[in-house]
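Taken in order, these protein sequences are the chains called S and P. Letter by letter, the first sequence follows residues 10 to 360 in our numbering. Letter by letter, the second sequence follows residues 190 to 437 in our numbering.
Be a bit skeptical, because a hint or two may be false.
As the list claims (entries may be wrong) - With a straight-line Cα cutoff of 30 Å, these simulated DSBU-like cross-link-like pairs (lysine-lysine) come out:
id : chain 1 : residue 1 : chain 2 : residue 2
1  : S       : 193       : S       : 95
2  : S       : 11        : P       : 398
3  : S       : 320       : P       : 412
4  : S       : 44        : P       : 371
5  : P       : 203       : P       : 412
6  : P       : 371       : S       : 355
7  : P       : 203       : P       : 375
8  : S       : 211       : S       : 95
9  : S       : 44        : S       : 211
10 : S       : 320       : S       : 355
11 : S       : 11        : S       : 211
12 : P       : 373       : P       : 203
13 : S       : 95        : S       : 11
14 : S       : 44        : S       : 11
15 : S       : 95        : P       : 398
No lab work stands behind these hints, which were simulated from the structure alone.
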Amino acid sequence: MKLVLVVAETWEGRVRPVTWELAAAGAMIRDLAGKAGDRLDIRILVPGRAPLAAARDIADRTGIDTTALVWPCAVTPETLTRGLAKLLADQPPAFLIFAHTTRGRETAPGLAVHLGAASVSGVIGMGGDSDGMFFSRPVMDNTRVQTVRPLDDTCVVLTLAPGTAVGNSGDNQSRAVPGHATPKVEQITVPDTWCSPGTVRKELVCRDDDAGGPDDPGDSSAPFGPDIRSANIVVAAGQGIGDRENLDTVVRFAEQFPGAAVGASRPLVDRGWIPYPRQVGITGATVAPDLYIACGISGSSQHLAGMSGAKWVVSINTRADAPICGHSDLCIPADAIEFMDAFLDKYSDKK
Amino acid sequence: MRILVCIKPHIMEKDIGPFESIALEAGLQLGEEGVVDVITAGPDHWVDTIYRALGMGADNGIHILTDSGDPHGGLVPASVTAGMLSAFVMSRRPDQAYDLIITGVMSQDLMAGQTGPMTAAYLDIPCVTAVVRAEQTGESLLIRREWEGGYWETLEMGFPALISIQAGQYTPRYPALSHMLKAKDKPLTVIRALSEICSTNQIPGQIPKERFSGLRMPEQTRKGEVVRGTLADQVRAFETFLQERNLT
Numbered sequence: 010m011k012l013v014l015v016v017a018e019t020w021e022g023r024v025r026p027v028t029w030e031l032a033a034a035g036a037m038i039r040d041l042a043g044k045a046g047d048r049l050d051i052r053i054l055v056p057g058r059a060p061l062a063a064a065r066d067i068a069d070r071t072g073i074d075t076t077a078l079v080w081p082c083a084v085t086p087e088t089l090t091r092g093l094a095k096l097l098a099d100q101p102p103a104f105l106i107f108a109h110t111t112r113g114r115e116t117a118p119g120l121a122v123h124l125g126a127a128s129v130s131g132v133i134g135m136g137g138d139s140d141g142m143f144f145s146r147p148v149m150d151n152t153r154v155q156t157v158r159p160l161d162d163t164c165v166v167l168t169l170a171p172g173t174a175v176g177n178s179g180d181n182q183s184r185a186v187p188g189h190a191t192p193k194v195e196q197i198t199v200p201d202t203w204c205s206p207g208t209v210r211k212e213l214v215c216r217d218d219d220a221g222g223p224d225d226p227g228d229s230s231a232p233f234g235p236d237i238r239s240a241n242i243v244v245a246a247g248q249g250i251g252d253r254e255n256l257d258t259v260v261r262f263a264e265q266f267p268g269a270a271v272g273a274s275r276p277l278v279d280r281g282w283i284p285y286p287r288q289v290g291i292t293g294a295t296v297a298p299d300l301y302i303a304c305g306i307s308g309s310s311q312h313l314a315g316m317s318g319a320k321w322v323v324s325i326n327t328r329a330d331a332p333i334c335g336h337s338d339l340c341i342p343a344d345a346i347e348f349m350d351a352f353l354d355k356y357s358d359k360k
Numbered sequence: 190m191r192i193l194v195c196i197k198p199h200i201m202e203k204d205i206g207p208f209e210s211i212a213l214e215a216g217l218q219l220g221e222e223g224v225v226d227v228i229t230a231g232p233d234h235w236v237d238t239i240y241r242a243l244g245m246g247a248d249n250g251i252h253i254l255t256d257s258g259d260p261h262g263g264l265v266p267a268s269v270t271a272g273m274l275s276a277f278v279m280s281r282r283p284d285q286a287y288d289l290i291i292t293g294v295m296s297q298d299l300m301a302g303q304t305g306p307m308t309a310a311y312l313d314i315p316c317v318t319a320v321v322r323a324e325q326t327g328e329s330l331l332i333r334r335e336w337e338g339g340y341w342e343t344l345e346m347g348f349p350a351l352i353s354i355q356a357g358q359y360t361p362r363y364p365a366l367s368h369m370l371k372a373k374d375k376p377l378t379v380i381r382a383l384s385e386i387c388s389t390n391q392i393p394g395q396i397p398k399e400r401f402s403g404l405r406m407p408e409q410t411r412k413g414e415v416v417r418g419t420l421a422d423q424v425r426a427f428e429t430f431l432q433e434r435n436l437t
């Protein structure tokens, strides 16, 4: 039987939560293909130096059969590409699913080349019709969505954007996807001749306490308020605020809302204007406040994924056709700084 | 060191794409003592992108001319582009071979980040993506790449290699007018057909395994009620919005 293979996302030996979304997406693809008459089986691959415990845990939580792939070297995009290409060369699966993370983004395209497969990156939606399966993905700076159709009977390697298929973390009784009652766990040891890394890790550091990166300590003393992950209100600033000095306006605006925290989109964090822990998005923090005010943020998919859990969203952006507007309850087409100044002026008058 | 930087145009402005300009800046800094070539594969008018790169300081331009009559907003599957790039790289004389190929972390139009890893796979050379800093140390390259969750990884890799540059540590230089004027005097190689550089049946990826079948506007996840009018009107609407939901 043809397979849907899901590659579990692990980091330093631990299973990352996006794995539950991958499992749910795998089950969705299996069911869509099933409707079209293709019977597919599903399995989760768990590569690692000693992945058996993680593989058991994943099988237990998802109800899906797992394969612990005992990796002979560090699991990197490079060794994954080479190792999986060898492992799957004889019988490529119908679908091979990675997370759209640094690891998946780097591994999937090269692996697709080795397997002669279709390669679809950053999938945000999927479906099936009389012409077969199709996938949606953002293009043109997030202003359009493209439909991609793999050719018939070809292996499809895809990366799934986090947030696309909501999986269950397994913390309660219900399972992420309807799998077997007693999923099987197998173990395969990958020969060490299969991976000969051309890159060598020298160091791994977390810049959680850094400001903009190791080269730019930035100004962490600025009054940006509480942790953005726990704040009830998040005021987030993006490139549209213009100069760094305008951050003061954002801070003063946020101060009008008790308990509000100041967050930012990736470019401001990259520039070192705002500390890294305040970055909202896939590569930063995921927030779910009652109110999210996006100031001068156009709305990349990676940012939108980090704020989609907010109860209410207000966006202030010069362009009413910016992607963020379609993800806002209230969309204010204005210069974010001029708007905040007008708001602050009015507030001061009342006092 | 001989470096090849892969570029394509910005989708809105007369400029190099945002990630490609960062990639070019990284290439120009790494290749100060060497040669930095830029390459694009696209229709006639993409030559402006090459001139811009030459104005920023690249030494030679290469333009693989492709048909502009594509129905899907000019979007081409990455395997096609990666195949053409690898064919060009393989066609180089040994004394002109590239030590390092640099791409942006993704393009602004296709947003997939596939061309780099696919080119590396076709050429069978190591590849690291999401690189924020790269420095040459003797015969190897010391690079810092970014992972989710705020991790920076320092890696060492040999040559030849391919890296894709993520935004953060490189700010593209602005080409001076005098440099832009001189750009058109720099060497530009136009490849009108791939058969000029290699046997066309050797080029991988030219028959994609997927097809692009349409473009649409993104779905809205929220109502997106647009507030027009003066700033005062907009501030009032904002206050009303907050009051109605007890958010003040």
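Here is how each hint holds up against the structure:
| no. | hint | result |
| --- | --- | --- |
| 1 | S:193 <-> S:95 | 23 Å, holds |
| 2 | S:11 <-> P:398 | 18 Å, holds |
| 3 | S:320 <-> P:412 | 13 Å, holds |
| 4 | S:44 <-> P:371 | 61 Å, violated |
| 5 | P:203 <-> P:412 | 34 Å, violated |
| 6 | P:371 <-> S:355 | 54 Å, violated |
| 7 | P:203 <-> P:375 | 20 Å, holds |
| 8 | S:211 <-> S:95 | 27 Å, holds |
| 9 | S:44 <-> S:211 | 49 Å, violated |
| 10 | S:320 <-> S:355 | 26 Å, holds |
| 11 | S:11 <-> S:211 | 40 Å, violated |
| 12 | P:373 <-> P:203 | 16 Å, holds |
| 13 | S:95 <-> S:11 | 18 Å, holds |
| 14 | S:44 <-> S:11 | 15 Å, holds |
| 15 | S:95 <-> P:398 | 20 Å, holds |
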